Amino acid sequence: MTAHQMIIAILLGFAVLVAFLCTLGMIVMRDAFQRLQFTTPVISIAAMCITVAVWLDDPAWGARLKMLCITITLFWMNSILTHATARAIRIRDHDQLAPEKGEDIHIVHEK
Amino acid sequence: MTKALSKRRISPVKALITWALQWGLWLLFAGNTGIREMGIGLIATGLATLGEVVFACQLRGDYHFRFRDLLQIYWLFWYTITGACEVMQGLTRQLFTKRGADSFIGAVPFDIGGDTPSAAGRRCLAITYTTATPNCIVFGLEPKKKLLLYHQIIRGPIRSLTKNLGARP
Amino acid sequence: MNIWLWAGAGMLFCLMMLTLVCFRGEIGDRLVGLEMAGCLASLTMVLLIEGFKRPSFYDLPLTLALLSFGSGMVFARFVQRWL
Numbered sequence: 001m002t003a004h005q006m007i008i009a010i011l012l013g014f015a016v017l018v019a020f021l022c023t024l025g026m027i028v029m030r031d032a033f034q035r036l037q038f039t040t041p042v043i044s045i046a047a048m049c050i051t052v053a054v055w056l057d058d059p060a061w062g063a064r065l066k067m068l069c070i071t072i073t074l075f076w077m078n079s080i081l082t083h084a085t086a087r088a089i090r091i092r093d094h095d096q097l098a099p100e101k102g103e104d105i106h107i108v109h110e111k
Numbered sequence: 112m113t114k115a116l117s118k119r120r121i122s123p124v125k126a127l128i129t130w131a132l133q134w135g136l137w138l139l140f141a142g143n144t145g146i147r148e149m150g151i152g153l154i155a156t157g158l159a160t161l162g163e164v165v166f167a168c169q170l171r172g173d174y175h176f177r178f179r180d181l182l183q184i185y186w187l188f189w190y191t192i193t194g195a196c197e198v199m200q201g202l203t204r205q206l207f208t209k210r211g212a213d214s215f216i217g218a219v220p221f222d223i224g225g226d227t228p229s230a231a232g233r234r235c236l237a238i239t240y241t242t243a244t245p246n247c248i249v250f251g252l253e254p255k256k257k258l259l260l261y262h263q264i265i266r267g268p269i270r271s272l273t274k275n276l277g278a279r280p
Numbered sequence: 281m282n283i284w285l286w287a288g289a290g291m292l293f294c295l296m297m298l299t300l301v302c303f304r305g306e307i308g309d310r311l312v313g314l315e316m317a318g319c320l321a322s323l324t325m326v327l328l329i330e331g332f333k334r335p336s337f338y339d340l341p342l343t344l345a346l347l348s349f350g351s352g353m354v355f356a357r358f359v360q361r362w363l
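Residue numbers (the working numbering), protein chains in the order written: chain W, 1 to 111; chain F, 112 to 280; chain G, 281 to 363.
For the record, the hints were derived by calculation from the structure and aren't laboratory data. Certain hints may be false.
Said to hold, decoys possible - Covered stretches of chain G, going by a simulated chain W footprint (3 or more residues, C-beta under 8 Å):
1) 284-293
2) 311-322
Stated by the list, open to error - Pair ranges (Cβ atoms, derived):
3) W:GLY62 / F:SER229: 37 to 45 Å
4) W:ALA98 / F:ARG147: 51 to 59 Å
5) F:ALA131 / W:ARG30: 45 to 53 Å
6) W:ASP95 / F:ASP226: 22 to 30 Å
7) F:ALA131 / G:MET296: 44 to 52 Å
8) G:GLY350 / F:ALA131: 23 to 31 Å
9) W:ALA3 / G:ARG334: 20 to 28 Å
10) G:PHE358 / F:THR193: 29 to 37 Å
11) F:PHE176 / G:GLY350: 22 to 30 Å
12) G:ASN282 / F:ILE121: 48 to 56 Å
13) F:CYS235 / G:TRP362: 20 to 28 Å
14) F:PHE207 / G:LEU300: 13 to 21 Å
Remember, predicted model here, so these are calculated numbers, not experimental data. Glycine is no exception: its CB is placed at the ideal position from the N, C-alpha and C atoms.
Construct all of the structure, not just a fragment, from the sequences and the given hints.
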């Protein structure tokens, strides 16, 4: 195995490991908000690792640019979709976005 | 009605420039400049531009992104790494401790700003950039109480990028 | 088999595990599982494309990434208002 192949293997192995851990987190977590937290590391870490691996391994610029498009699309769309989903779940559960009376929401103040 | 809430008007020149840019991107994406590809690209991007113009005209309000707000993107790399570690820490707690991972919902005072396009752009960037980082999901802005509501698995301090975009803890 | 196909198989395994999320629990939990499945499916496609050396198929994961965003937004809207 050459050094180049080893780097590709490490990148892909790390990406699959992150995806596996995030999927495991999706299964074991208790509520929807906690599950939603596990979508972001897959996009930001695993997809980035795969993008770097594609850039290292594939000399075709078409493939490289399209992979970059896929990662950028997934990254920003995931952010918007996560926000929309969290908002939808919150409104569905509480009928409103704002904290209810008696709800335990901590208002953060830093010195 | 303020200017920010009135319906937008798209100039024909702007629409034509958008169409031309989209057509160029289509040909770049296809990697082919044959006559058929150019023709189909013209039709497809024409339809897309038409849809964009119709949508933009229906949209109330405008967004303007200030350069210094857009620049906050440089924080994303650091918070992606630290946030991913925090999320994995939450997973470890859920798997190996009795108590399990937290599900912390917090609120931080936020400078909502007015109905101006730059304030709307700043709020939009605050939500997008903050939610793009692991371990912080913004699920809303409460305009009356001027709060930004968020969820974290591992409770942590307010991100610097969120503070730079309007959070006032 | 090359390293890309092994990675693709690993991702497919993760995708199968996600069915545990999508087939049980509250509707919000299932929606989150569906959104994650869309992302993983795109990445799996990329790995298989590289494994089989078929770069002309890159349009598929890109289309899936865009359309899964659209479908996720529609489902989120439905979950918020009607379901």
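Each hint tested on the structure:
no.	hint	in the structure
1	284-293	holds (count 6)
2	311-322	holds (count 8)
3	W:GLY62 / F:SER229: 37 to 45 Å	38 Å, holds
4	W:ALA98 / F:ARG147: 51 to 59 Å	55 Å, holds
5	F:ALA131 / W:ARG30: 45 to 53 Å	52 Å, holds
6	W:ASP95 / F:ASP226: 22 to 30 Å	26 Å, holds
7	F:ALA131 / G:MET296: 44 to 52 Å	45 Å, holds
8	G:GLY350 / F:ALA131: 23 to 31 Å	25 Å, holds
9	W:ALA3 / G:ARG334: 20 to 28 Å	26 Å, holds
10	G:PHE358 / F:THR193: 29 to 37 Å	34 Å, holds
11	F:PHE176 / G:GLY350: 22 to 30 Å	23 Å, holds
12	G:ASN282 / F:ILE121: 48 to 56 Å	49 Å, holds
13	F:CYS235 / G:TRP362: 20 to 28 Å	26 Å, holds
14	F:PHE207 / G:LEU300: 13 to 21 Å	20 Å, holds
The structure shown violates none of the earlier numbered hints.
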